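Trainee: Given only the sequences and the hints, what does the whole structure look like? Please build it.
Residues per chain are reported as follows:
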Amino acid sequence: MLIKQPDDIKPSEITDRKLYLTRRDFLRRAGLAAGGLSLTAAGATLFTASDAGSRLPPTQAEGEKIYQGLVSGPYSSKEKTTDYGDATDYCNFYEFGTDKRDPALNAGQLKTQPWSVRVEGECDRPGLYPLEELLRPHALQERIYRLRCVEAWSMVIPWVGFSLGKALGRFQPNSRAKYVEFTTLHDPQQMPGQKRNLLAWPYREGLRIDEAMHPLATLAVGMYGEILPNQNGAPLRLVVPWKYGFKSIKSIVGIRFTPTQPQTSWHRLQPEEYGFYANVNPAVSHPRWSQQRERRIGEWSKRETQPFNGYAAQVAPLYQGMDLNRFI
Amino acid sequence: MDKLHPLQWLSRGLKPLLFLACLLPLLLLLWDAFHHSLGANPVEEIIHRTGLWALRLLLLTLAITPLRRLTGWNQLIRLRRMLGLYSFFYALLHFLAYGWLEHTFRLPLILQDVVEHPYVALGFSSFLLLVPLAATSTNRMIRLLGGRRWQRLHRLVYLCALGATLHYLWLVKVDTRAPLLYLALLALLLVARMPLFWSGAPVSRIFQRAGK
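For the protein sequence lines, the chains are A and B, in the order given.
Sequential numbering of the first sequence, starting at 1, is according to the working numbering.
Sequential numbering of the second sequence, starting at 1, is according to the working numbering.
In case anyone wonders, no lab produced these hints; they're calculated from the structure.
All of these numbers come straight from a predicted model, not from anything done at the bench.
Quick reminder that beta carbons are idealized off the backbone N, C-alpha and C, glycines included.
A hint or two may mislead.
[As the list claims (entries may be wrong)] Partial list, derived from the structure: chain A residues whose beta carbon lies under 10 Å from chain B:
# : residue
1 : Y94
2 : G97
3 : M322
[Said to hold, decoys possible] Straight-line alpha carbon distances no greater than 20 Å define the calculated EDC-like cross-link-like pairs of lysine to aspartate or glutamate that follow:
#  : chain 1 : residue 1 : chain 2 : residue 2
4  : B       : K173      : A       : E273
5  : A       : K78       : A       : E142
6  : A       : K195      : B       : D32
7  : A       : K100      : B       : D32
8  : B       : K173      : A       : D102
9  : A       : K80       : A       : E299
10 : A       : K100      : B       : E116
11 : A       : K100      : A       : E299
12 : A       : K166      : A       : D124
Mentor: In structure tokens, the structure reads:
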């Protein structure tokens with residue numbers, strides 16, 4: 001199998017000096033926030049405000065966007081983005097509880113600084129990478145993508161992130177790396193949901209290597225111009241917009257290149273309901289939810305679900321010759 | 001003014017009080033809807049809340065007979081019809097909210113959903129089973145059917161309760177604690193009806209005097 005070599009950094013992708021500095025700033029703020037306050041949006045904006053010398057109480061309206069003037073990422077959507085409050089209040093992140101509001105309520109205690117990601121498996125540059133190290137070469141982009149949950153609701157989220165493929169390329173996967181597996185932090189002290197054996201902790205997800213190298217596959221560190229709120233997968237999460245949301249693993253601490261298909265959490269629990277591929281597919285009904293239509297959060301009426309969540313033109317070639325009714 | 005035992009006051013006041021109490025979940029739902037505090041997915045919230053109250057009230061309806069036997073307070077029976085009808089009322093709201101907000105009352109879509117998803121089919125049939133029970137709940141219908149036949153018909157309520165509870169259990173992804181609790185309650189209520197459970201006289205007779 002041919003492994004796409006990482007491109008050299010093009011001049012257009014070099015982060016400008018100001019942005020680069022603000023990004024470092026964000027990391028410092030993240031550290032401060034993790035030390036005392038919950039790293040919710042309010043927490044993040046509080047420190048932004050106090051850094052600027054403002055004594056106003058932190059509110060959403062006062063929120064200074066940390067990431068501004070970002071270049072738009074590939075295939076970024078022009079659709080109306082989901083309300084920030086909804087996107088941060090209505091989450092599936094079972095590490096913090098199974099109710100939609102649980103993550104927003106319980107994720108405050110997650111310590112996202114310092115954070116590192118262990119890279120292992122079939123690659124030439126394994127190791128423990130501090131988050132700053134991992135982010136350094138990448139220009140952050142604004143990537144506005146549709147998010148379709150298997151539960152038949154959807155959102156449009158302006159992520160702040162960069163190409164997963166470029167990040168993975170730096171670790172120089174070898175020819176045996178056919179898949180890549182991601183792991184979420186496992187720490188029941190910080191993630192109280194892990195005290196119950198609902199899923200096989202730590203949460204695991206995976207992609208075929210060509211899927212991972214696709215320009216749409218994203219590693220995100222922020223959304224809505226801000227640092228990722230904890231409940232949305234801080235400090236580093238995957239965004240795979242053409243797949244059901246559970247593929248987009250949150251709070252990543254492990255990346256492993258493997259020759260065989262990884263055992264992913266939901267697939268392991270109920271393989272007939274949650275496939276490894278989990279491409280958004282209105283033609284394949286789920287035992288619980290019809291996948292033909294979806295409710296965009298913020299709308300009352302439902303809309304038709306698009307194959308590959310509307311990204312068929314970009315990603316359908318990845319699955320040529322595959323029976324998508326079988327490989328769910 | 002005749003002298004009434006305090007428990008008689010209670011039994012007189014209980015029904016109107018319970019009537020108002022059963023309206024509270026609906027009022028709260030309307031209040032929250034009006035104040036945009038139904039969360040990010042209000043449709044889901046409306047459907048879940050109405051369904052949950054239908055189930056709760058159905059179990060409460062089933063609790064009346066065991067409670068009556070346990071306490072010997074026969075006045076409780078006067079509450080049963082109202083609770084049952086309220087359960088039907090919330091089930092109807094649940095069904096209407098689902099039919100309208102999920103499928104805009106398009107019958108082919110509803111039927112497809114019923115056929116493809118066993119938990120929807122279970123909920124749907126439980127609701128359909130409740131309809132004849134609600135329709136025959138008047139005194140006139142009881143007389144018309146005759147007590148025995150009426151009672152036999154109303155044994156369908158056990159099937160409804162089981163169907164509704166399994167409907168809930170089936171739709172939950174992995175965290176089955178809440179639906180299993182309802183299932184356990186239902187099992188308890190069914191066991192409490194078995195004749196051998198009640199071989200003797202009521203456990204307590206304290207309420208009986210007042211109830212007469």
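Trainee: Taking only the CA atoms, is the gap from A/K100 to A/E299 under or equal to 20 Å?
Mentor: Roughly 18 Å between the alpha carbons, so the hint for A/K100 and A/E299 holds.
Trainee: Would the pair A/K80 and A/E299 pass a check requiring their Cα atoms to be no farther apart than 20 Å?
Mentor: holds, 11 Å
Trainee: Do the alpha carbons of A/K78 and A/E142 lie within 20 Å of each other, as the hint requires?
Mentor: With a Cα-Cα distance of about 12 Å, the restraint between A/K78 and A/E142 holds, given a limit of 20 Å.
Trainee: Holds or violated: B/K173 and A/D102, Cα atoms, limit 20 Å.
Mentor: holds, 15 Å
Trainee: Hint check: A/K100 vs B/E116, CA-CA at most 20 Å. Holds or violated?
Mentor: violated, 25 Å
Trainee: Taking the least C-beta to C-beta distance, is A/M322 closer than 10 Å to chain B?
Mentor: Interface hint status for A/M322: violated (23 Å vs cutoff 10 Å).
Trainee: Starting from A/K166, check that the Cα of A/D124 is at most 20 Å away, please.
Mentor: Given pair A/K166, A/D124 holds - Cα atoms ~15 Å apart, limit 20 Å.
Trainee: For the pair supplied as a hint, A/K195 and B/D32, is the alpha-carbon distance within the 20 Å limit?
Mentor: violated, 33 Å
Trainee: Would you check whether A/G97 satisfies its interface hint, that is, whether its CB is within less than 10 Å of any CB in chain B?
Mentor: Holds. Min distance 9 Å.
Trainee: Does B/D32 sit within 20 Å of A/K100, going by the straight-line distance between their CA atoms?
Mentor: Distance ~17 Å between A/K100 and B/D32 Cα, so the pair holds.
Trainee: Does the structure keep B/K173 and A/E273 at a Cα separation of 20 Å or less?
Mentor: Within the cut-off at roughly 10 Å; holds.
Trainee: Restraint: A/Y94 near chain B, CB-CB cut 10 Å. Satisfied or not?
Mentor: At about 8 Å, which falls below the 10 Å cut-off, the nearest Cβ of chain B leaves the hint on A/Y94 intact, so it holds.
In this structure, the hints that do not hold are numbers 3, 6 and 10, in rising order.
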